[in-house]
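Number of protein chains: 2
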Amino acid sequence: MDEFALIDIIVEAMGDRAQGEWVHLGPGDDAAVITTTPGFDQVASIDVLVPNVHFPAQAPAFLIGYRALMVSLSDLAAMGAAPRYCIVALTLTENDVGDGCWLAELSRGMAQAARDSGTYICGGNMTRGPLNIAVSAHGEIAHSREIRRSGGKPGDKIYVSGPLGGAGACLRQDMLLPVEVDAMSELQKAYYKPQVRFDWHQGLSSVSCAIDISDGLLQDLGHLINASACGARLVEENIPLVAGALLEDALSASDDYQLLFASAQPQPEAFHIGELCEGKGIWLNGESIAMKGYKHFNA
Amino acid sequence: MDEFALIDIIVEAMGDRAQGEWVHLGPGDDAAVITTTPGFDQVASIDVLVPNVHFPAQAPAFLIGYRALMVSLSDLAAMGAAPRYCIVALTLTENDVGDGCWLAELSRGMAQAARDSGTYICGGNMTRGPLNIAVSAHGEIAHSREIRRSGGKPGDKIYVSGPLGGAGACLRQDMLLPVEVDAMSELQKAYYKPQVRFDWHQGLSSVSCAIDISDGLLQDLGHLINASACGARLVEENIPLVAGALLEDALSASDDYQLLFASAQPQPEAFHIGELCEGKGIWLNGESIAMKGYKHFNA
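These protein sequence lines are chains A and B, in that order.
Residues in the first sequence are numbered from 1 upward in steps of one, following this note's numbering.
Residues in the second sequence are numbered from 1001 upward in steps of one, following this note's numbering.
Simulated from the structure, these hints should not be mistaken for laboratory data.
Note that the coordinates shown come from a computational prediction; the quantities given were computed from them, not determined experimentally.
Cβ coordinates follow ideal geometry from the N, Cα and C atoms, glycine included.
Treat the hints with care, as some may be off.
One-sided excerpt, in silico: chain B residues whose CB lies under 8 Å from chain A [claimed, not checked]: (1) E1012; (2) E1021; (3) H1024; (4) L1025; (5) D1029; (6) Q1042; (7) V1048; (8) G1123; (9) N1125; (10) T1127; (11) G1129.
In silico lysine to any residue, SDA-like type, Cα no more than 25 Å apart, as pairs [to be verified]: (12) A:K153 <-> B:G1028; (13) A:K280 <-> B:F1004; (14) A:K157 <-> B:K1153; (15) B:K1157 <-> B:E1278; (16) B:K1193 <-> A:M126; (17) A:K153 <-> B:P1027; (18) B:K1280 <-> A:K193; (19) A:K153 <-> B:A1243; (20) A:K193 <-> A:E269; (21) B:K1153 <-> A:G26; (22) B:K1193 <-> B:D1174; (23) A:K280 <-> B:L1006; (24) A:K280 <-> B:G1028; (25) B:K1280 <-> A:M1; (26) B:K1280 <-> A:A104; (27) A:K153 <-> B:K1157; (28) B:K1280 <-> A:D8; (29) B:K1280 <-> A:I7; (30) A:K193 <-> B:K1157; (31) A:K193 <-> A:A104; (32) B:K1157 <-> A:M126; (33) A:K280 <-> B:A1005.
Let the hints inform the model, and build the full structure from the sequences given.
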C-alpha cells in the first residue's frame, strides 16, 4: 500500500484529535504549528515502545496505540505540566501495514488516549523497518513552575497518587494475553490503559519533587532521592496496592504510571507511604533495601 | 553496560549542546523544559532513520548522528521556522551499544549538527531493539507566519535555494562507502552532512509556499502543487546541479535538503527554475512528466 494512502488512513482514524484548539496547523505539511500560552514554558519528552518489551506483539492494535500514547504523556504529568500535543513516528514492517486495518486500529487507540488526556496528535512520520513506536509528548507549565526530581528535603513526607502493582501483577501472572478490548480484567486495564494522573497537575504545585512510576516504586524513588541527595524511609503497610497485586509487584515491577512525590505539606488526597531522610538509600520498615526495578541494557 | 552509564556517555558527548539559552531544564529529569518567545508559535516535526534505508549501517557513527539530526531539522526550515531544540529516541541493539564508543560518536555527530544549526538536544530516551533513531525537532515562528505548502498560485515563480543532486549522485554511483569523516568527497558531504537552509528563514517571509527537498525535486514539487491546487512548468536548463550530478539525480533521487518554494516576487538569491501554472501536473520543457521520487511502502 502507498505511503500516502496509509497516512490518509491514520489521519481519518485520528478524527477530531488531529486538529483543534491550540493546534494551528495539523498533519499534512512539513511540520505542525502549535500556539502557546503566554508566560508558559514548553515541557517535552520522548518515549519508544517496541514489541515484546513494552507490549505483547499479539495484543490488539487499539490497546498498543492507547498504551503508547499514555505512557509517553506520563512524563509530562510528572513535571506538573498540562499535556497539549504529541507527534508520533511509526516504523512498520510490510506485515504490520498489511491492508491498513492494524494501522487504523493502532491510530484509533492513540486517538482515544488523546481524547482521554485532552491532547492532540498533530503530526508524525512513517518509515519501513522493525516495528517501533516513538511518541514525542509536549505540554506546558507556568514559567519556572516545573516540579523537578531534585527538590526533595529530609523530613518531606513521601506520597503516591494511587494504588500500585496492577500492571506488575498482570505481568507476573502472565495475564497480558489473551486480551479483548471490551472485556479486560482490572489488572489488564492497569497495564493496557494506564490513567495518567493529569488530575494532579494543580495539586503538584505544593510538592517539592516528583516522578512518575514507570519502572517500579523502588527504582523511581531511587531516582528521586539521588536527584534530591537524600534517603527515604518507607512503611510497608502504607503502600497502597491494587486488588490482586503483591507488595513485590509494586516495589519492582509497577508501571502503573501513578505519581510519586514528596511534600512538606499534608496531601490528603494522596497515599502517605514514608518520608525523606538524611543518608543515602531506601529503608523499608527500617531495613535497607536495594533500588531494584526494570532497566534496559542490564549487563 | 548499564542504561544510566550509557546516558552519562551521551550527555558527556553532547557537551555544550545539552543545556543553554532557551533550554530551562535539560537531560536528567522526566522531561525537558524550554522557554518560548512571546508572540511566537511552536513548530514541530518528527523523523526516523533506520539502517540501510536512511544511512549505510557501516557508516561512521559520527556521520549517522550528524545526518539524523540535520535531516530532521530540515522540516522546520521548510516552514520558515527558526530551529530551537531536538529530543531524540534511540533504539539500540546490544551490539550497537557494545563498549559505548559507537554511541559516543553518534552523540558527538548529533552535537556537531546541533552546533551548526544553533540548536540544543535537551532530552531523549533509550531502549533495546533493532537500531532506530527518532528525532523530534522543534522550532519557532512568529504567530501565523508559517510558510505552508498550500499557498502557491498560478503565475508564481518557482525557486530552489541551491544546487541539487549531490546526495543522489553519491547514491547512484554507490559512493556512500567507504567514507572517512575527515576526508569526504563533495558528493559524500552532500549526503552525510546536508546543510539545512536556515539562512533562508527570513527570506521565506515573502514566498507563497515552501517545502524541503527530501525525496527528489519532482515528488516534493508534486506535494507543493497538490497542496496549492495548481500545476508547475520547469525549465530543465535552469535546474542547478551539484558538480558531478545528473539531471536525474536532482529530479528523482535528491535528498540534499535544499528548499523549494514559489513567490510572486523576485528572489535574486535563489535559482529560478520554472513557474506555477493552471492545471494539474508537472511539465519539463513543455513535456508532461510523472511525479516520481522516493516512497516508502510502494506496493
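Verification of the supplied hints:
1. Among the interface hints, the one on E1012 (chain B) is violated; its C-beta lies about 17 Å from the nearest C-beta in chain A, farther than the 8 Å criterion.
2. The beta carbon of E1021 (chain B) comes no nearer than 13 Å to any beta carbon in chain A, farther than 8 Å, and the hint placing it at the interface is violated.
3. Taken as an interface hint, H1024 (chain B) checks out: its beta carbon lies about 6 Å from the nearest beta carbon of chain A, inside 8 Å.
4. Checking L1025 (chain B) against chain A: minimum C-beta separation of about 6 Å stays under 8 Å; hint holds.
5. Restraint check, D1029 (chain B) versus chain A: the minimum CB separation of about 5 Å is within 8 Å; hint holds.
6. The interface hint given for Q1042 (chain B) is met, as the beta carbon of that residue sits about 4 Å from the closest beta carbon of chain A, less than 8 Å.
7. A least Cβ separation of about 4 Å between V1048 (chain B) and chain A falls short of the 8 Å threshold, and the interface hint therefore holds.
8. A least Cβ separation of about 6 Å between G1123 (chain B) and chain A falls short of the 8 Å threshold, and the interface hint therefore holds.
9. Taken as an interface hint, N1125 (chain B) checks out: its beta carbon lies about 5 Å from the nearest beta carbon of chain A, inside 8 Å.
10. At a threshold of 8 Å, the smallest CB-CB gap from T1127 (chain B) to chain A is about 5 Å, leaving the interface hint in force.
11. Using the Cβ-Cβ criterion of 8 Å, the hint placing G1129 (chain B) at the interface with chain A is satisfied: the shortest such distance is roughly 4 Å.
12. Our distance criterion of 25 Å between C-alpha atoms is met by K153 (chain A) and G1028 (chain B), whose separation comes to about 19 Å.
13. Proposed proximity of K280 (chain A) and F1004 (chain B) is supported: the alpha carbons are some 18 Å apart, at most 25 Å.
14. Distance check on the hinted pair: K157 (chain A) and K1153 (chain B) sit about 63 Å apart at the alpha-carbon level, beyond 25 Å; violated.
15. For the suggested pair K1157 (chain B) and E1278 (chain B), the alpha carbons sit about 13 Å apart, so the restraint of at most 25 Å is met.
16. For the suggested pair K1193 (chain B) and M126 (chain A), the alpha carbons sit about 23 Å apart, so the restraint of at most 25 Å is met.
17. Between K153 (chain A) and P1027 (chain B), the direct Cα distance comes to roughly 22 Å. Compliance with the 25 Å bound is thereby established for this hinted pair.
18. For a cut-off of 25 Å, the pair hint linking K1280 (chain B) to K193 (chain A) is broken: about 46 Å separates their Cα positions.
19. The straight-line distance between the Cα atoms of K153 (chain A) and A1243 (chain B) is roughly 63 Å, outside the 25 Å bound, and the hint therefore fails.
20. Only pairs whose Cα atoms come within 25 Å are accepted, and K193 (chain A) paired with E269 (chain A) is accepted, the gap being roughly 22 Å.
21. Restraint check: the Cα-Cα separation between K1153 (chain B) and G26 (chain A) comes to about 22 Å, which is no more than 25 Å; the hinted pair holds.
22. Our distance criterion of 25 Å between C-alpha atoms is met by K1193 (chain B) and D1174 (chain B), whose separation comes to about 17 Å.
23. Of the supplied pair hints, the one linking K280 (chain A) and L1006 (chain B) holds, its CA atoms being roughly 23 Å apart against a limit of 25 Å.
24. At most 25 Å may separate the alpha-carbon atoms for a hinted pair to count; K280 (chain A) and G1028 (chain B) meet this at roughly 19 Å.
25. Distance restraint check for K1280 (chain B) and M1 (chain A): the Cα-Cα separation of roughly 23 Å lies within the 25 Å cut-off, and the hinted pair is therefore satisfied.
26. As the CA atoms of K1280 (chain B) and A104 (chain A) are separated by approximately 30 Å, the hinted pair breaks the 25 Å bound.
27. As the CA atoms of K153 (chain A) and K1157 (chain B) are separated by approximately 63 Å, the hinted pair breaks the 25 Å bound.
28. Under the criterion of a C-alpha separation no larger than 25 Å, the hint pairing K1280 (chain B) with D8 (chain A) is consistent with the structure, at around 21 Å.
29. In summary, the hint linking K1280 (chain B) to I7 (chain A) is supported, as the alpha carbons are separated by about 22 Å, within the 25 Å threshold.
30. For the proposed pair K193 (chain A) and K1157 (chain B), the alpha carbon gap of about 52 Å is over 25 Å, so the pair is violated.
31. Distance hint between K193 (chain A) and A104 (chain A) is fulfilled; the C-alpha atoms sit about 18 Å from each other, no more than 25 Å.
32. Among the hinted pairs, K1157 (chain B) with M126 (chain A) is inconsistent with the structure: their alpha-carbon atoms are about 31 Å apart, more than 25 Å.
33. With a CA separation close to 19 Å, the supplied pair K280 (chain A) and A1005 (chain B) stays within the 25 Å bound.
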